[in-house]
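Asker: Listed below are the residues making up each chain.
2 protein chains.
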Amino acid sequence: MTQTPAANNGLLNRRWFLKAGAVAAGAAVLTPAMADGPWMTYPGQSPGPYGAPSRFAALKREQITLNPLGPGDGASCSPLQSLNGIITPNSLHFERHHSGIPDIDPEHHRLTVFGQVKNPLVFSYESLLRYPQQTKTWFLECSGNSFRNTFDEAPDLTAGEVSGLFSCAEWTGVPLHYLLDEVGAHKTASWVIAEGADASGNNRSIPMSIAQHAIIALFQNGEPIRPSQGFPMRLFVPGCEGNISIKWLRSLKLSPTPAQTREETSKYTDLLADGTAQQFSLKMEVKSVITSPSGKMQLPAKGIYPITGLAWSGQAPISSVHVSADGGKSWAAAELQTEPSPFAPVRFRIPWQWHGQPAVLQSRATDAAGNIQPTRAVALRKQSPLVIYHYNGIQSWQVDASGKVRNALI
Amino acid sequence: MTQTPAANNGLLNRRWFLKAGAVAAGAAVLTPAMADGPWMTYPGQSPGPYGAPSRFAALKREQITLNPLGPGDGASCSPLQSLNGIITPNSLHFERHHSGIPDIDPEHHRLTVFGQVKNPLVFSYESLLRYPQQTKTWFLECSGNSFRNTFDEAPDLTAGEVSGLFSCAEWTGVPLHYLLDEVGAHKTASWVIAEGADASGNNRSIPMSIAQHAIIALFQNGEPIRPSQGFPMRLFVPGCEGNISIKWLRSLKLSPTPAQTREETSKYTDLLADGTAQQFSLKMEVKSVITSPSGKMQLPAKGIYPITGLAWSGQAPISSVHVSADGGKSWAAAELQTEPSPFAPVRFRIPWQWHGQPAVLQSRATDAAGNIQPTRAVALRKQSPLVIYHYNGIQSWQVDASGKVRNALI
Chain A
1 MTQTPAANNG LLNRRWFLKA GAVAAGAAVL TPAMADGPWM TYPGQSPGPY
51 GAPSRFAALK REQITLNPLG PGDGASCSPL QSLNGIITPN SLHFERHHSG
101 IPDIDPEHHR LTVFGQVKNP LVFSYESLLR YPQQTKTWFL ECSGNSFRNT
151 FDEAPDLTAG EVSGLFSCAE WTGVPLHYLL DEVGAHKTAS WVIAEGADAS
201 GNNRSIPMSI AQHAIIALFQ NGEPIRPSQG FPMRLFVPGC EGNISIKWLR
251 SLKLSPTPAQ TREETSKYTD LLADGTAQQF SLKMEVKSVI TSPSGKMQLP
301 AKGIYPITGL AWSGQAPISS VHVSADGGKS WAAAELQTEP SPFAPVRFRI
351 PWQWHGQPAV LQSRATDAAG NIQPTRAVAL RKQSPLVIYH YNGIQSWQVD
401 ASGKVRNALI
Chain B
1 MTQTPAANNG LLNRRWFLKA GAVAAGAAVL TPAMADGPWM TYPGQSPGPY
51 GAPSRFAALK REQITLNPLG PGDGASCSPL QSLNGIITPN SLHFERHHSG
101 IPDIDPEHHR LTVFGQVKNP LVFSYESLLR YPQQTKTWFL ECSGNSFRNT
151 FDEAPDLTAG EVSGLFSCAE WTGVPLHYLL DEVGAHKTAS WVIAEGADAS
201 GNNRSIPMSI AQHAIIALFQ NGEPIRPSQG FPMRLFVPGC EGNISIKWLR
251 SLKLSPTPAQ TREETSKYTD LLADGTAQQF SLKMEVKSVI TSPSGKMQLP
301 AKGIYPITGL AWSGQAPISS VHVSADGGKS WAAAELQTEP SPFAPVRFRI
351 PWQWHGQPAV LQSRATDAAG NIQPTRAVAL RKQSPLVIYH YNGIQSWQVD
401 ASGKVRNALI
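Same order as they appear, the protein sequences are chains A and B. According to the numbering used here, the first sequence holds residues 1 to 410 in order. According to the numbering used here, the second sequence holds residues 1 to 410 in order.
Simulated from the structure, these hints should not be mistaken for lab results. Since the model is a prediction, treat every value here as computed from it, not as a measurement. Think of the CB as a built atom: it goes at the ideal place given N, C-alpha and C, for glycine as much as any other residue. Don't take every hint at face value.
[As the list claims (entries may be wrong)] Simulated coverage check for chain B against chain A, where a stretch passes if three residues somewhere in it have a Cβ under 8 Å from a Cβ of chain A: (1) 43-55; (2) 212-225; (3) 304-312.
[Claimed, not checked] Taking CB as the label site, the calculated pair distances span: (4) B:257 - A:372: 50 to 60 Å; (5) B:370 - A:403: 32 to 42 Å; (6) A:341 - B:36: 34 to 44 Å; (7) B:262 - A:42: 14 to 24 Å.
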């Protein structure tokens, strides 16, 4: 059987999997007598009202404390290294809160739309449920995602610990433009100032051109959104940094100017190389991460492994993903396992033969607008070294001769 | 403002929502002072390792005992009336077990592929994870779904209680044809006999023409599949009755003939009107259900309501859904809220103005192969009155003058 190289250091043509998979995976054994597992000898648990994962596959989010002085402040990361497909189950969707998760009774929650409008309106949860809904599969990424890889030394982290402030769900909600039509927005109202009902009253200003595409999200992966995602309602602005998708949404004020809130002045601005700050750089960049093999994993033996990961862009659908096994010297096109669509991630994969030698695995995403994910050096050069937002440099996973995989800053 | 009727008894053109929504939903109030909810006065809960729904929106599956003599036998239904979009969250996906849920350690589970093959092979969980994966959004429906509406009297049930042996997820797994290539299936092997590692050793025979499109599912909505869905691995045969998607899959035997197992002889066959039984009617029919307004709901007042529901077919993608508010005398085309694709459900919706008079709400799905969902009478006429499988008659919800909604057999 001939191996077809797709790039150097073991990247293979995808057909190779089909013919050599069993050998590669060490699965071939002549039929033994099929042993019954002990679980076949007694009846199992009955159907129940609410399901749970297997105790042998109990995944958790890593928790990050970002401001120990702020009660409830912090984040938790999706365990990307253990997931496949593109959907993140709701219990594992990343979180980022500025003052914790409020426990809101939807009967006593209201959304007020006011400011530069003809008819200010107040909407209850029940009334929003009666509007036409839109359903889309969209990613959400914190603008600080991967911030730990902007520092000088490479922390030994999993894919989720590095880049797990990123998740994806099927979001259903009311297109914001319906509500804007109803209140009769003035033509001078070129900003929407959204505020949440958490203790921080988290608020952000969003240009009308972007807000037009937002929804008031009420359902996530089919069920009512979780408290950690803004129950009973959140703004969802596809393709943009997560913190403008204001959770526990309580008001939308239409305004000719932005409000210059705390989160768009002291935070969530980009300090540029010349010392000035750039505000409202809201759209997320083209980016990708190999989720397997990835940090803290151990390759058990030489052989063929699937390289798989996620790619996304807030600017345009993903058009291609390339993978390198030699630290960026040679590249091969990966196969896209899911269909690209606006604001959805794609799952990519390519077979890789590990010969037991050191390797550096990288992925590089390209979107339909022609944006190409930059190297780490180029990504860092755009901004001040103090900036930790919107980092989209290529991720490197170093495989050593023993098969240990480690986060690397290359 | 002029109402545009789309069909009789209040079905509206969808544009009507956009202009009259606030009035319809009773949401219009001039700006009051925005009151802070009590939850804005203290910090909330910190990010955690694993999320949970709001206590104000805690959904449950209804449990059904089907054979009290069989320990672990039974089912649980997705609460369709409380969901939107098309994805079912994993904890609410329907279940049907014949001998309960085994608690399988994946390290000690094996999949054996044998019978009419050149090279019988045994696959571990780890080895299957190294094969190329496929990711698709597919529905799953129990062939007994909606069986309680095949009886003579209409039980007072929710949409989930009637038709919630139906769910949808993003499934990721290894295309079965890769494994069939590797074992070298003989040309005479026109059936695949799949067996599960539960205490019932549940097994079914699947024609090769259908099995070619199956996957060995390893992930559901991104995470490893749940024990109730077959952890560590299940067969998933898209578009076909759920019980052939064998859970806890332990063996695939290639054979020139079906095995005539218990579940394809005494059960899961269709007794026809002439008294003979039809076997292997595996593909699910074109079908739909209005999930809101639906059984046990109460319309609070006259006004405009969204009629929304799900439509699906195992034969071809959904092409249209029509809705009636007068028990099938007049019909209007609903809007499809999600993109039709093979073996995926679509979410449909249409605005409806309830004038406070009795109404009968129905939906009728059509697929791209030209199959049209039949009336209840026609659906029942196909088979013996004793048959409870593959029932796809149009669902009727009767709204009385007080706004109460009830399951009706019309």
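Asker: Assuming the hint says 32 to 42 Å, is it satisfied by the Cβ distance from residue 370 of chain B to residue 403 of chain A or not?
Answerer: For residue 403 of chain A against residue 370 of chain B, whose Cβ atoms are near 55 Å apart, the range 32 to 42 Å is violated.
Asker: Taking beta carbons only, do three or more residues of the segment 304-312 of chain B come closer than 8 Å to chain A?
Answerer: holds (count 4)
Asker: Counting residues of the segment 43-55 of chain B with a beta carbon closer than 8 Å to any beta carbon of chain A, are there 3 or more?
Answerer: Holds, because 13 residues of the segment 43-55 of chain B bring their Cβ atoms closer than 8 Å to Cβ atoms of chain A.
Asker: Between residue 341 of chain A and residue 36 of chain B, is the Cβ distance one that fits in 34 to 44 Å?
Answerer: holds (39 Å)
Asker: For residue 257 of chain B and residue 372 of chain A, compare the CB-CB distance with the range 50 to 60 Å and indicate the outcome.
Answerer: Roughly 55 Å apart at Cβ, these two residues keep to the hinted range, so it holds.
Asker: Do residue 262 of chain B and residue 42 of chain A keep their Cβ atoms within the hinted range of 14 to 24 Å?
Answerer: Holds: the Cβ-Cβ distance is about 19 Å, inside 14 to 24 Å.
Asker: At least three residues with a C-beta closer than 8 Å to a C-beta of chain A: is that true for the segment 212-225 of chain B?
Answerer: holds (count 6)
Hint compliance for this structure: hint 5 is the single one not met.
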